[in-house]
Amino acid sequence: MINSSSDNVKKLNLINRRMFLTGSLKFLVMIGLVSRLFFLQVKENKKYLTLSDKNRIREWKLAPVRGEFEDYFGNVIAGNFEAYQLHIIPEEVEDFRYVIFRLKDLLELSDKEFKKILKRKNEIKPWETLIVSDNLSWKKFSKINNHLYDLNGVKPVISISRNYPFGENFTHVLGYVSQANENDVESNERIKKNFVPGLKIGKVGLEKSFENELIGTNDIERYEVNAYGRRISQLEFQKGEKGQTVRLTLDTKVQQQCNELLKDQAGSICVMDIYTGEIIAMHSSPSFDPNLFVFGISKDDWQIIRNDPMKPLVNKTLQGNYSPGSTIKPIVALSALENGVINTNFTVNCRGHKYPLELYGQTYHCWKKEGHGFMNLRNAMKQSCDTYFYEVARKLGVDKLSETAKKFGLGEKVFGGLFDIEKSGLVPNTQWKKNALGKGWLLGETIITGIGQGYIQTTPVQLCLMTAQIANGGYKIYPKIVDGDKKIAPIDKFMPLYTNSKNIKIVQDAMFASTNEVRGTSYKSRINDLKYQFAGKTGTAQVKKITEKDRELDLKTFEIPYDERDHALYIAYGPYKNPRYALSIIVEHGGSGSATAAPMAKKLFKTVIDRHLLRSNTNDKKYLDV
Amino acid sequence: MYKMYQHTRLTNNTFGFFQKFRNFDYILLACILALGFISLTTMYSTDGGKILFHTKSHFTKLVVFTLMMLIFSFVNIKFWFSIGYLSYILVVGLLIWTYLFGITSSGSQRWINLYFINLQPSELMKIFIILCLAKYFHRMKLENVNSIYTILTSLIIIILPMGLVIVQPDLGTALLIAISGIAVLWFAGINHKYFIYTMLGFVIALPFIIAFLKPYQKLRVLTFLNPDRDPLGAGYQIIQSKIAVGSGGIFGKGFLKGTQSYLEFLPEKHTDFIFTLFSEEFGFVGSAILLIIYAVTIYRIVSVGASSRSYFAKIFCYSFAAAIFVFIAINMSMVLGLLPIVGSPLPIMSYGGSSMLATMIGFGIVMSAKVHNQQSIA
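Chains A and B supply the protein sequences, listed in that same order. Per this note's numbering, the very first residue in the first sequence carries number 823; after that it's consecutive. Per this note's numbering, the very first residue in the second sequence carries number 2; after that it's consecutive.
So that you can see chain B by itself, here it is in the shape it has in the complex (with noise of 0.2 Å):
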């Protein structure tokens, strides 16, 4: 009682431009901006080692979004709070608008075009998705949480962008909402047995799950099992993706050196397969450090959220930091060959600006979070 006292008297204080300024995490800072610096060095690798299409639109993404992050991080973490059901509504709205009046390329219907962007929504969604559950939850009664009307509630606060997003059709991003949002329900203390349940089911549930998979969602998982089923085909990709990475040795072949992708065997090298390229290039150090770099930014996301005064900005930030860490587990798994590829970008690695700006946004309330972190929101 006495600690809530205290914090309660900081707060009143309000915070002057320098004092946030002083409150800021730098090395989370350093780790997006180092992290920047490495998807620009490796988005000028795929372009040929020259300056090209790619790295200039990746570069001013980057910029853009981080400007947009430290903007962010000034707003008061009760402002993200205040607007957790809005955007998420927002978010829907422009998901059913893609499915309305989306643009279709390579025969799903993902995008909407903003004439200077073309977002896709379902990006944008992984990070909503937090947001909203995270509000619901904050003032809830423990004893309220497992009572089935909020289980049902939140529920359908996850199917139905999901619902939007798989009939685009992209089962990979649906599957990444459902697991941002279950983080949050996770840490929001559902039961464990829930989990549980699930799990099972969902193991047992596999093989009719798989039956009414489209054709060329079966040959993802059968092509998983085994790549060198059709080499040239289906299983092309994950052959030539391990190659590149198990070429790459120690330390590498050294920068725009990659022979797998500047002979272009590499498949997607900007998008999803950049890690690839990555590590092909600067080895298995290089790799080792990449990993280093995202496993300080989840952790301090996560201390982020441990000092935070308010659950809901604890709440957003240990679920933002599973999400972002699944959505590279599953990207790195996919390229080295331990899952099905199911199409999920590096976060700020991978070339894509609706992937990036969700995360940004996402690194801009975690950062609002600790600027604010004795911010209590009623």
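For reference, chain A alone in the conformation it holds in the complex (with noise of 0.2 Å):
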């Protein structure tokens, strides 16, 4: 008994010991609970707060609404329009598959568009928004409105989106809007910011251009979300800013007129302010409709585009490097003069296809099989003789004439880096040619450089740039296409390119004899009428060499293939007295520019002189007002 009790009390002494141990032990966990607590909820508190309303805030961005472009009377001419829309929330609807089906036969749904829709439906979560259609017809649209009653969790939305009113017009300037890839994204930070998916952006021309002043700012809906992302309620909405408008310079009747001068054939016009610089039109034929890719294009519409021969998707007065033909004869004309090298007597005779000009073994004929004759300067300019202007590019040299085509404006982007697309053409010298090519320049190339053929590249609206630059008695002007560009005008702005003016008028009357002359090479186009009249020069861009074979033969344009017909040019400005406007017209494989191209800048012209006054009206706010 004894023995067992002081074991008892030995085990006791034990099993306290022991849970004074244990008590101690189980406080300093405690204690470190506590500290833990202590450490996650008031130390950390801030960091777990932002993470917690990280978790539980997501922010809806809506697409922004893109500013608009107007033209030069304040005409809307890329604007948006109310897209009538389906939307369906797949939760929401108690029975997708008779909705769908239903849907299917109103809106008449091919298979393949069906298909389409159900392997979106399986892409996306269930509270997710499904864009059954993304432009319906009134029609359509209403018709759905009616069976609403059928449809449930059908959502008829009207959402705002691109449109171009004038429709193929303004393709090549402004270029279109569709939806925003991954490349677009990255590459620019404005787009990023306001991304959201089917965002629509520019992918060519202005609306390219000017992506991050027409963009806007998003609508910003925070909504409270779940675990599953799914919206639990609305917390904010900011309403985001609508993108800027932006004016052009541009008329839209001429525009459209030049559309319809140049329908069915390829080719350019552009025609210019010669002192402000303003285009007044620019167009590109063949040109397609900008709406097309505002939805996505479809394949064959694609297709029908892509592989036309005629190549719609190139903006040919920025991107087309032509040869400049007979209109670079003003230039060597002017060049010449300039240098000394001729004077206005300086006389060739042309002796036609029997006597052609021979060097080194090469011959180099005039186009006219007869010969001028003797020419003198403005004999040669008016009947664009060849041999005549083989002549003072002989004597002139390359060097001293690319000096002036380049002052001119060639051989350089017209609008420096406002279109990404713009070529820069091509004025050549010896020294281009020893880096480009490794060889000597030889005195042949300088010959036929003298009419605009060989190495030397223009494009469209630089010959623009040149002629105004010659009818404004030659002056620099910078061209512009979008109105109010607030940049400070470059100190050169308006500096004299000649270094004696009567050099200048001497081409003037040139061009002018070219135009309103009997035995002038344009002379059937011209106008009488002084209000109208106009001076140009025409020029014909062989487009590939010209064998003994073809001049026996002399075949007419249209029975020539069409691949291998001549590109018509023709320069021209206006009115002669008091010139305002100058244009260039390119019309690919169109034969002759006084044939083909001549006729049409005479047209233009009327339209251009006439809507002069409303121009200048409408920039004047006091005659608006009134």
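Take these hints with a grain of salt, some might be off.
In silico DSSO-like pairs for lysine-lysine, Cα to Cα no more than 30 Å straight-line [stated by the list, open to error]:
id : chain 1 : residue 1 : chain 2 : residue 2
1  : A       : Lys938    : A       : Lys965
2  : A       : Lys832    : B       : Lys79
3  : B       : Lys142    : A       : Lys832
4  : A       : Lys868    : B       : Lys194
5  : A       : Lys1228   : A       : Lys1327
6  : B       : Lys219    : A       : Lys848
7  : A       : Lys1261   : A       : Lys1229
8  : A       : Lys1061   : B       : Lys258
9  : A       : Lys1424   : A       : Lys1324
10 : B       : Lys243    : A       : Lys876
11 : A       : Lys1327   : A       : Lys1428
12 : B       : Lys258    : A       : Lys869
13 : A       : Lys832    : B       : Lys194
14 : A       : Lys937    : A       : Lys1121
15 : B       : Lys62     : A       : Lys947
16 : B       : Lys142    : A       : Lys1245
17 : B       : Lys194    : A       : Lys876
18 : A       : Lys1061   : A       : Lys1075
19 : B       : Lys51     : A       : Lys848
Label pairs and their computed distance ranges (CB to CB) [as the list claims (entries may be wrong)]:
id : chain 1 : residue 1 : chain 2 : residue 2 : range
20 : B       : Gly49     : A       : Phe849    : 51 to 61 Å
21 : A       : Ile1054   : B       : Leu156    : 17 to 27 Å
22 : A       : Glu881    : B       : Leu156    : 54 to 64 Å
23 : B       : Gly49     : A       : Gln1066   : 42 to 52 Å
24 : B       : Leu115    : A       : Pro1019   : 46 to 56 Å
25 : A       : Glu916    : B       : Leu115    : 33 to 43 Å
26 : A       : Glu881    : B       : Leu257    : 18 to 28 Å
Note that these hints are calculated values from the structure, not bench results. Note that CB positions come from ideal geometry on N, CA and C, so glycine has one too.
With the hints as a guide, bring the two chains together.
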């Protein structure tokens, strides 16, 4: 008994000692837990609150409303319209199969479209919006609205979308919008910031160049969401801003006429104000309807556009590198005069194909079989005598010629970086050839450069600028297509490009003769009315080298295969007294400048000059208010 | 000796009903009721502020098991002593039954279907292993405690149910059973050297143990070491749980306003992670109060043990207190990101009948020990 009780005491002592130890340990652990709680909830509270808000609050951005383009007179040429759309949130539909088949009937969807919708439905979460149709006709939209009682969960939605009311007329200037792809988002911060699925952005043209101004800012909806991303409640709605309106210098009427003139032909027309540099019209043909791209172009439409041999996707005004042909002659003449190589009395005898200019075994023919006879500068320009300009070029040399040509805007981008597709053309000189081709310049190359063949390449807008700068008396201008450019004018604006203004007058007079005097190359297209009278220069650029055989055959334009026909060019300015507008016309494979291009100028000048008063009044606010 | 005599005299008086009533540990009872109330409100919050399935079910269990506990209090501690081995064998039987015919859910076979309740015998084992071992050591002389025979027997008693639980597979509960058992061994007076050696051995063996873990268990350990490894996958639970607790702040987001739980970012918010929800809504202050209630509960259990005359009751209360403490500590460390995720419910708070049943049986025995604290067991 005593033994057992002493054992009991020992046991009790042990258990109590161990209980004390355990108790202390528990106390320490408890302190540890409390301090951990303190650390998380008091010290790091801010961090975890932020994380919790990040968890629960999600922003939904809505597509911003895109800014509009207006022409000079304030007409909207790229605007927004209300697109009728049909949305479904699958989880809100009781019987999805029934509804979707009913819609298929009502909208007359093809099996292909229908499958696409079903596929998209499987890709999204059930509470996300399924866009069944993004651009319904009013008829179908109202049909759906009439059947809404039967279409549980279908939401007719009016959404704002891009619209080009003038269709194909402004395509190459404005470009078009289409859904942004990954590349677009990565390369532009503004797009990245405003991106929402389905956002439409400018792909080419001014739509692309002015993306940052046009895009606007998103409407933002803040929602509380649960762990699965389902919206629970709306916390905030923040209205976005519409993008800026961009006013262009273009005249829709003139632009439309350009489109008509070039109908079914490939080519370009560019009209410019010779003092302000404002582009009145700039059209490249054939064009296409940019509205096709807004909701994603169909495969068939795209193939038609892409495979068109006339290349509608190319903006010929800016991207087309053409041999200027005879339209370079004013610059050749001016350069020769400026450099004192010739004077107005310098005469060359053009003896036709029987006695061509011969140089190192090469022969250089004039376009006229019989020859022009004795030519002075004025006559040579008027009748576009090639032999004369061979001789002038030979005397002048290509380096001096290229200097003058560059001064007048050839060989460099007219709009700088505004259009990323613009080409700079090419004004060759000896140095260029050595660098680019590693060969020495040949005299023969100088001779053909004198009639705008060979290496020399110009874009239609460059030719237009060149003409404008001759027309305004030889002063530098900076063409612009966007009105109200607040950039400070470059210091060399309106700086004279000549050394002797008389020389400019001589060239102008020669161009007048070419259009308005008998035997002038564009005499047939002249306008006698002083109000519209214009001066110009035709050009016919060879696409392939003329062989002896061709020369013997002397085929008419329509007898030659389309691809081998010459390009028809024409540059002009008017009215001759008090000139204001310059233009350049190129018709690809159009035959000859005098037959194809010059008559277009005649029609165009009528319109342009008729609209001059309206145009100058528009700019003057006083008239507008009255 | 004199003291003992006095005690003997008292025990000779048979207790009347009211005498027993008076002997109740009201502080412990109040703590249990408080925990029950808190767990109910929290469950109400997990149901999104509505009385739905979890709240109703939890309420029913709470009422039934609290009543059961009260009834158990009136049962003489001698009875609990007498069923020590029997109950253990019964639960081992249930575990074998589970192994053979159990219900499989989310990849492990842990439950047996009793038609009115799905019972998880492994949870009961957490308590009955204490009861069994307490009985085993009750009459043992101190010199016999450290004999090889005793140690081996007690280890077998622990390892047998552990093995049956590990094959379910449920490593977490197996570990908790082991901890309950080891607590008894500790209080029974097994030489502290053994504990130190075992611990050292465990630390050394740890890399090998990890090598034998199942892939998902390894993932849990890796995730614990760096939750940002896979924030939407394996690390999701622990990250979201820390966010919930951390964003609670000092006073919490308010009752029914815990965005983490309400918006379903919290995983397992009814069961293992219930403390996270509570902590998010009631903040540091609320959590501290909850911890204090738990602390008082444990303190009361210990003091019941201290005031108990019988060695059996003492050893049971101390071990039970230690076990409950470890359950709480492990659960909280887990949700606070201090331990890898092991499935361990928070006693009383977590949804789950078996766990609550086991805890309430434990409380019932403690209460019985209190009511009959002068009862000696021969």
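Here is how each hint holds up against the structure:
1. A:Lys938 - A:Lys965: Within the cut-off at roughly 22 Å; holds.
2. A:Lys832 - B:Lys79: holds, 23 Å
3. B:Lys142 - A:Lys832: Judged against 30 Å, a Cα distance of about 10 Å means the pair holds.
4. A:Lys868 - B:Lys194: At roughly 46 Å apart (the allowed maximum being 30 Å), Lys194 (chain B) and Lys868 (chain A) break the hint.
5. A:Lys1228 - A:Lys1327: holds, 20 Å
6. B:Lys219 - A:Lys848: Satisfied, since the Cα-Cα distance of roughly 29 Å is no more than 30 Å.
7. A:Lys1261 - A:Lys1229: Within the cut-off at roughly 25 Å; holds.
8. A:Lys1061 - B:Lys258: Roughly 29 Å between the alpha carbons, so the hint for Lys1061 (chain A) and Lys258 (chain B) holds.
9. A:Lys1424 - A:Lys1324: Distance ~27 Å between Lys1424 (chain A) and Lys1324 (chain A) Cα, so the pair holds.
10. B:Lys243 - A:Lys876: holds, 14 Å
11. A:Lys1327 - A:Lys1428: Given pair Lys1327 (chain A), Lys1428 (chain A) holds - Cα atoms ~24 Å apart, limit 30 Å.
12. B:Lys258 - A:Lys869: With a Cα-Cα distance of about 19 Å, the restraint between Lys258 (chain B) and Lys869 (chain A) holds, given a limit of 30 Å.
13. A:Lys832 - B:Lys194: holds, 18 Å
14. A:Lys937 - A:Lys1121: holds, 17 Å
15. B:Lys62 - A:Lys947: violated, 39 Å
16. B:Lys142 - A:Lys1245: It is violated: about 105 Å lies between the C-alpha atoms, which goes past 30 Å.
17. B:Lys194 - A:Lys876: With Cα atoms ~52 Å apart, Lys194 (chain B) and Lys876 (chain A) exceed 30 Å; violated.
18. A:Lys1061 - A:Lys1075: violated, 37 Å
19. B:Lys51 - A:Lys848: violated, 37 Å
20. B:Gly49 - A:Phe849: 51 to 61 Å: violated, 38 Å
21. A:Ile1054 - B:Leu156: 17 to 27 Å: Between Ile1054 (chain A) and Leu156 (chain B), where Cβ atoms are some 54 Å apart, the hint is violated.
22. A:Glu881 - B:Leu156: 54 to 64 Å: Since Glu881 (chain A) and Leu156 (chain B) have Cβ atoms about 60 Å apart, the given range 54 to 64 Å holds.
23. B:Gly49 - A:Gln1066: 42 to 52 Å: Holds, since Gly49 (chain B) and Gln1066 (chain A) (Cβ atoms, about 48 Å apart) stay within the stated range.
24. B:Leu115 - A:Pro1019: 46 to 56 Å: Holds, at about 53 Å.
25. A:Glu916 - B:Leu115: 33 to 43 Å: Roughly 40 Å apart at Cβ, these two residues keep to the hinted range, so it holds.
26. A:Glu881 - B:Leu257: 18 to 28 Å: holds, 26 Å
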